[in-house]
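Can you build the whole structure from these sequences, using the hints too?
One letter stands for each residue in the lines below.
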Amino acid sequence: MFLERENLVASLREIRPGAMVFVAGEAGIGKTSLVREFCATLPTGTAVRFGFCDALGTPRALGPLHDIARASPQLAGLLTTGGADRHAIFTAFLELLSDPQTVVVVEDAHWADEATLDLLLFVGRRISELPALVVITYRSEEVGRDHALRRVLGDLATAPSVRRLQVPALTSEAVAALATPLGRDGDELFAVTGGNPFFVTEVLSAPGDDLPATVRDAVLARAARLGPAARAVLDVVSLVPDRAEVALVDAAALEECIQAGMLLLEGRSVRFRHELARRAVESDVPAVRVPVLHGQILDYLAEADEIDPARLSYHAEVAGDRAAVLEHAPVAARRAAELGAHRQAAAHYARAVRHADNAQIAVQAELWERLGESADDSGDLAEGIRSSQRATELWQQAGEVDRQGATMARCSHMLWKTGMNAEAHALARQAVALLQDRPPSPALAQAQAAMARLLMLGRDMRGAIVLGTTAVEYARQFGDLRTLGRALNSVGSAHWLMDPDRAVELLEASLATAGEVGDDAGAAQAMMNLGSGAGEIRRYALADHWLAEAASWCAARDLDSSLSYSLAWQSRSRFEQGQWSEATALAGQVVTKYPQHVPSQIVVNTVLGRLRVRRGDPDPEGPLSRAWELAVQTGDLQRLWPAAAARAEHAWLQGRMDAVEGLVAETYEHSLELEHPWAAGELGSWLRTAGVAVELPGYVAEPYKTGDGWRELGCPYEAALVLTEKADPEQQIAGLQELQQLGAWPAAELVARRLRQNGVQGLPRRPRGSSRENPANLTARETEVLALLAEDLTNAEIGQRLHISPKTVDHHVSSILGKLGVATRQEAARRWGADGRR
Amino acid sequence: MTRYLVERNFAEGLEIPTDDRGAKACLNVVDGNAQHGVTWVHSYVSPDHSTTYCVYDGPNPEAIRQAAETNGLPVTKITEVRVLDPYFYH
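Chain order of the listed sequences is A and B. For the first sequence, the working numbering gives the first residue as 1, with consecutive numbering after it. For the second sequence, the working numbering gives the first residue as 1001, with consecutive numbering after it.
Worth flagging that the hints you see were computed from the coordinates, not collected in a lab. Only true hints are included.
So the derived list for chain B, only partly shown, Cβ under 10 Å to chain A, looks like this: (1) Y1004; (2) G1032; (3) P1061; (4) R1065; (5) A1068; (6) N1071; (7) G1072; (8) V1075; (9) I1078; (10) E1080.
We treat Cβ as the ideally placed atom computed from N, Cα and C, and that holds for glycine.
Below you can see the structure in the form of structure tokens.
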């Protein structure tokens, strides 16, 4: 009987491959039945694979993928190798989905572990390019506002190939149609069950005329009809939330349960017909028997092969077996962490910690330390810091100074991430002080690397180099490649201001080391710092190359925080090179898609504010004050300086020169302490413009001393401003024209007024045509398209070069033809050649 | 949504014929705006057709600029504005 579900099945059938469908509804509403019905009608030859998320308090890491991998030796191989690269596993799953006629069903995603959720997000972002269909079921009532699945649903909300289906309750007519043939009152049944199909079936299968009031009553009434042996089987199976092994229970009694329709046999495992039934039976097992039964299950599972440690960890806890918890929970935690299910790893460690009161101090310390790390990795920084502090105390009590120092080093980074910079510096300094008088150790290397990183981020380059270099030596000596990669990054990044070539060399070494140990995030950070470091000293070709590399590396691995930072810096780089519309598009992307990543938000809000200031657009104060407030929280020069300079520029263009000193003086002092050539140059120049008597130090970047070199660097706005300051009126006018071409109207007007006051003749008029001066009124983008037209490229090829769709190119081409008043692309191309511009 | 007044300058003058083609041209602009969440309310045009003042609704100035770029229209100045109605106080 499959009532009132035809429309839903039809909707599922209408969905073309290359889509992800979320099927939501309350427990027992028939999501699974719906999906099974749909799968049964698929054309023969379709490969349908099921994966189940289970109701273990702490779910198995990538549990559903293990189920799915049964049909894929390659994937199964990757999953069973310990320490397998997560990216490799995710990519292998994508390959599985590249087989046409593949349908993958992930059931009960409200119980999914963190790694599975990451996988769903990873697939959802790419599904439109695959020939497969992915169906995910979840209970809508379990997914509250703070539920982890919300993150996936929210992120995929706007993805075009993601659909949602809501499974409604049965109507009273449908319930009556089921009840009447059995001689039961349909209206009454509907009133009790609310049209929940599972409940309806259970009530109809329960004996007697009394209508059970709840699902639980209905299920238990059915179970009561079984003999004592069969009932004992039900009890055991009910205590195994995922799937019970057949060997766990008596075979003859099991048969009775299957005959009665209470349990289903699937291969060598057995489960309840529905999770609601399992819960009902579980709640009826006498409390005194629960630990005993769990103990028996644990004993059996511990001897069996290939049992996920998450299951052992669960049964050990409910059996109240402390020793078993301490044995299995840490194993389960490590397994989960390896696969990126950090929240579950933390839950397993937390479980172990709860049972560790009588364990040796060192064992407790180790567990708290790991709990802190897992919490950190899962983004729960408060728990991470709290646990690390507890671990630090315990290591100290145990007299393990090295471990104490290493834990403090890690904790300092957590503090930095929450924006507690002063506390972070203090703790890292303490860790180094604690360890440096002792014989060198990997812990010392880690503490030094942590401190060096904080110094580098705060732009104390000399300090970072001194400390980081020792960290590199020790990490190398002790073969700690992960620490080596991170330390090389800090030392490399710290070289940008003094010796950029050395910076590149060291960061490339950091990248290679990260690659060697499979540290994807470390590799991303190396590329990012190659890009942003080069950008900070205005070496744009190098910056743009590495920022693009970093962005594509991170995008393929869903490393969102590094991705957002790379995009933010791409936006800054385009902005400084006068490519304002590209900068605008990139910044908009970062603002809307990654609001929680503070460093990226500081960078793009500064860029957006500066864009509005230079274009004379409304409300530059909004983004600039956001950037400034966030920068002040970090206290780092690299964040403060651009925001301060932007606010000074805004004041200058508004004629509020008296405000400039207040806006930059403090940050200028900061830049002098750290001898930052670009920060000191830019901020010092603003002070001088505002009439403050300032002697620029000798180390400031060349263009700030002489005004020369902006054009060679690729900074047209600064180059134009310098031209307007020259003595020769012709040069002044040329500079003014360049400002107008950029669309920098406020600066252009300011300069024009000054030149007019000085009696300079023949100033170009206010805006003629488009934002860029050219006879045909072409926009910047159209000019780019025209240049490529002249190279005889097709729309598709032009689209590829400019990263826009061929359709958009077509749009631009029609507009160009219209503005040039020509009929063909060839004529337009000839006009480009004839004008000989650029 | 914020309201903006967008000033545009056309060196050759902006000619939109009052026929099917003109209608299509305007609809193209509306389509291009939609990609950026921007609404064109209406415009005032100088007698020589060299300057237009366009009233727009949009989420931010960047969206106004991106829409202009999609449509190949120049932007000279964007000002955030509010409505002032002379009969409001009566």
